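Could you slot chain R onto chain P? The hints should help.
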Amino acid sequence: MAHVATLIILFPLMGFLIVVINGKWFSERAVGAIATGVVATSFVTSVIAFVLLLGGAKREVTVQLFTWITVGTLHVPAALLVDPLSITMCLFVTGISALIHLYSMGYMKGERDYRKFFLYMNLFVFSMLLLVLANNLVLTFVGWEGVGVCSYWLVSYYFDRDAAASAGKKAFIYNRVGDVGLLIAMFLIFSHLHTLTYRTVFAHAGALSPTVATLVVLALLLAATGKSAQIPLFNWLPDAMEGPTPVSALIHAATMVTAGVYLLVRMSPVLALSSSGRMTIAVVGGLTAFVAATIATSQRDIKKVLAFSTVSQIGYMVLAVGAGAYSAAIFLMISHAFFKALLFLGSGSVIHSLHGEQDMRKMGGLAKYLPLTFPTFLVGWLTISGIPPFAGFWSKGEVLTNVFEFSKPLWVLGVVTAMLTGYYMSRLFVLTFRGTERFREDTHGEDPHEAPWVMTLPLVVLAGLSVLGGVLDLPWIHGASLAGFLDPTFGFIPAHAHASTLAQVTLAAVDVVVAVAGVMAAFAIWRDRVSSDRFEPSFLEHVWRWDDAYDAAIGRPLTAASQYGDDVIEPRVIDGAVGAVAVGVRRSAEGVRKVQSGFVRHYALATVLGMAVIVIFLLARAG
Amino acid sequence: MNVPAAWYLILAAILFGIGAFGLLTRRSALIMFMCIELMLNAVTLTFVTFSRTLGDIGGQASVFFVMVVAAAEVTVGLGIVVAVFRRRSSTSVDELSEMKG
Numbered sequence: 001m002a003h004v005a006t007l008i009i010l011f012p013l014m015g016f017l018i019v020v021i022n023g024k025w026f027s028e029r030a031v032g033a034i035a036t037g038v039v040a041t042s043f044v045t046s047v048i049a050f051v052l053l054l055g056g057a058k059r060e061v062t063v064q065l066f067t068w069i070t071v072g073t074l075h076v077p078a079a080l081l082v083d084p085l086s087i088t089m090c091l092f093v094t095g096i097s098a099l100i101h102l103y104s105m106g107y108m109k110g111e112r113d114y115r116k117f118f119l120y121m122n123l124f125v126f127s128m129l130l131l132v133l134a135n136n137l138v139l140t141f142v143g144w145e146g147v148g149v150c151s152y153w154l155v156s157y158y159f160d161r162d163a164a165a166s167a168g169k170k171a172f173i174y175n176r177v178g179d180v181g182l183l184i185a186m187f188l189i190f191s192h193l194h195t196l197t198y199r200t201v202f203a204h205a206g207a208l209s210p211t212v213a214t215l216v217v218l219a220l221l222l223a224a225t226g227k228s229a230q231i232p233l234f235n236w237l238p239d240a241m242e243g244p245t246p247v248s249a250l251i252h253a254a255t256m257v258t259a260g261v262y263l264l265v266r267m268s269p270v271l272a273l274s275s276s277g278r279m280t281i282a283v284v285g286g287l288t289a290f291v292a293a294t295i296a297t298s299q300r301d302i303k304k305v306l307a308f309s310t311v312s313q314i315g316y317m318v319l320a321v322g323a324g325a326y327s328a329a330i331f332l333m334i335s336h337a338f339f340k341a342l343l344f345l346g347s348g349s350v351i352h353s354l355h356g357e358q359d360m361r362k363m364g365g366l367a368k369y370l371p372l373t374f375p376t377f378l379v380g381w382l383t384i385s386g387i388p389p390f391a392g393f394w395s396k397g398e399v400l401t402n403v404f405e406f407s408k409p410l411w412v413l414g415v416v417t418a419m420l421t422g423y424y425m426s427r428l429f430v431l432t433f434r435g436t437e438r439f440r441e442d443t444h445g446e447d448p449h450e451a452p453w454v455m456t457l458p459l460v461v462l463a464g465l466s467v468l469g470g471v472l473d474l475p476w477i478h479g480a481s482l483a484g485f486l487d488p489t490f491g492f493i494p495a496h497a498h499a500s501t502l503a504q505v506t507l508a509a510v511d512v513v514v515a516v517a518g519v520m521a522a523f524a525i526w527r528d529r530v531s532s533d534r535f536e537p538s539f540l541e542h543v544w545r546w547d548d549a550y551d552a553a554i555g556r557p558l559t560a561a562s563q564y565g566d567d568v569i570e571p572r573v574i575d576g577a578v579g580a581v582a583v584g585v586r587r588s589a590e591g592v593r594k595v596q597s598g599f600v601r602h603y604a605l606a607t608v609l610g611m612a613v614i615v616i617f618l619l620a621r622a623g
Numbered sequence: 001m002n003v004p005a006a007w008y009l010i011l012a013a014i015l016f017g018i019g020a021f022g023l024l025t026r027r028s029a030l031i032m033f034m035c036i037e038l039m040l041n042a043v044t045l046t047f048v049t050f051s052r053t054l055g056d057i058g059g060q061a062s063v064f065f066v067m068v069v070a071a072a073e074v075t076v077g078l079g080i081v082v083a084v085f086r087r088r089s090s091t092s093v094d095e096l097s098e099m100k101g
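Protein chains in written order, with my numbering: chain P, 1 to 623; chain R, 1 to 101.
If we strip away everything but chain P, and leave its shape as in the complex, we get (with noise of 0.2 Å):
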């Protein structure tokens, strides 16, 4: 078991290592085959794992590796946590970044720095990883950080180009706002309890007094809101987009965003000692989930409307956190991450075909000639757009029927939400493969063809995930369930009144009525039009004016501030202070020099007056 729960991280890095030291003497085929060998056999070997773990006397397991920090009382192993929870995020993580790796050596063929592409996607794997099977949440955080810098390269990947260089900065900027929150929160459990690592953690987690408790909490949020992309920082993510559509996939399927509400998860014991926390990361992730839903209704970017509903999605997921529905989180995480990488390739399919085209007004009428991206963009829609009975069906109602328990409001929120994701799905499958055909300009009047065999075979693997991924958590099959194998690394459970199957069959009744309200409305709304004012205002179309707002407070006073600097405080202060030593020492130098006078009877003269001086106080001592 350790040696199989080692190699699962081991083999990305290994296959970082052999294309960073070695990767010119490989063709670029060879590099991507064995960047996606690697990830793949990780996937293999997480399922051994996996199978060792359902087989094995202990569900937990951790695999001592090294002792990697001893100062004073913190100790800090390398060592990996086995668990159900962990295991799921591996398999998972794996298995659809492997799929990724594939689809990837067909969209990346021609572009420039192939080998770093994929070099950048190994490391972007194994960090991933050890965030997710780390024992101890400082080696959580070294996968955070690394997870957080391969996402800075790749998302600007296209380096030259302004847009890309200024979104990897914004993401990796707003990232460390988020990574803040987890050092705290480290700080804190460091100064109250004198461990990191989880189990230990834990054990003492009741030793935390209630606002310690709240405070840790609190800060866990605010990492989860960096990285997981939930308000007040989750207008990184769309500008994320700017890196090549793989990397859009890898970051909002299965590495990156996930990372934030694994944490959450993780930490559930802690979570379990606050309520009024768990009641702010349910808040947040509702409004969060409503909110970035109304901005995908008014995107016209293919790839932003796809970025808005991740950001909606991943709301859900932190609203089922603070709801304390935790396994309902990681089962929507898992659908999630078949539907959504299953959407952004079947996206980058669609752009590959119209050499580049994000634009959804120049698509349309897509669907007769793309025989295998259309078929399984249409069941990544009705999936996320919550049709049964597709797994997002499922894992959505799972979340819903949760928070109904939970809180009634953050419910209605969530009901809403539904409707609008069933509205901006339904609005981007009809511009994209219905309607008029427009793209004939980006064609050069060509007929778009279907992508390489390399590109729709995860298409197709993860359409077919899409269709079975809801059997994993089906409602009457409780507890031999993704959940009952879950549940127990949880600790703690909110307990709420569980809704009677009456009750749950109507929720779901009303999840399948707002979803194909919200279809039907998109259908005749968008049926006859590519763009319109009214259905695309402005205020959303601008992200609620959230970039304008952060300008606004932060960036243009910090403008100000350092325009001040620039204008006053340097050359006034600085360079005053610098120029006002320079000029005294002249000026006093000026006085002296004049003693210098070159008369050697000068000198002399004023050795006689200065022995004239001590003769005299001397006698004048004496006497």
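For the record, the hints were derived by calculation from the structure and aren't laboratory data.
Please read these numbers as outputs of a predicted model, since none were measured by experiment.
Quick reminder that beta carbons are idealized off the backbone N, C-alpha and C, glycines included.
The reader is advised that the hints may include incorrect statements.
Computed, partial: chain R to chain P, Cβ under 8 Å [to be verified]: (1) Ala20; (2) Ser90; (3) Glu98; (4) Met99.
Not the full set, but computed from the structure, chain P residues with beta-carbon under 8 Å of chain R [as the list claims (entries may be wrong)]: (5) Ser597; (6) Val600; (7) Arg601; (8) Ala606; (9) Gly610; (10) Val613.
Just chain R now, with coordinates in the frame of chain P:
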């Protein structure tokens, strides 16, 4: 006849004063050297005087050192003066003021 010590001291003071005055007023390097010698000798005279008055041989011993140093100083100093004279055909120290600030 026993000359009182005060007389020697007064003579030494007068010699020193003449030397100092000459050093300050003359421009010729040679004359200034002579003035320095005069001042040195005035000082040695006081040494000898006090040595005799106090019965301490140390003062007279010091005089030998002063004379040796003075001789060495004159050797070096005159060497410099000759070198300067060769370049400038003058020993006026006022012309040697290139180093003024």
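Hints, one by one, checked against the model:
1. Ala20: holds (5 Å)
2. Ser90: Result: violated, 14 Å to nearest chain P Cβ.
3. Glu98: The hint holds - R/Glu98 has a Cβ within 8 Å of chain P, the shortest such distance being about 7 Å.
4. Met99: holds (6 Å)
5. Ser597: It holds, given that the least Cβ distance between P/Ser597 and chain R is near 5 Å, below 8 Å.
6. Val600: holds (5 Å)
7. Arg601: At about 5 Å, which falls below the 8 Å cut-off, the nearest Cβ of chain R leaves the hint on P/Arg601 intact, so it holds.
8. Ala606: Violated - the Cβ of P/Ala606 stays beyond 8 Å from chain R, reaching only about 10 Å at its closest.
9. Gly610: violated (12 Å)
10. Val613: Because about 14 Å separates P/Val613 from the closest Cβ in chain R, which is outside the 8 Å limit, the hint is violated.
Of the numbered hints listed earlier, those contradicted by the structure are 2, 8, 9 and 10.
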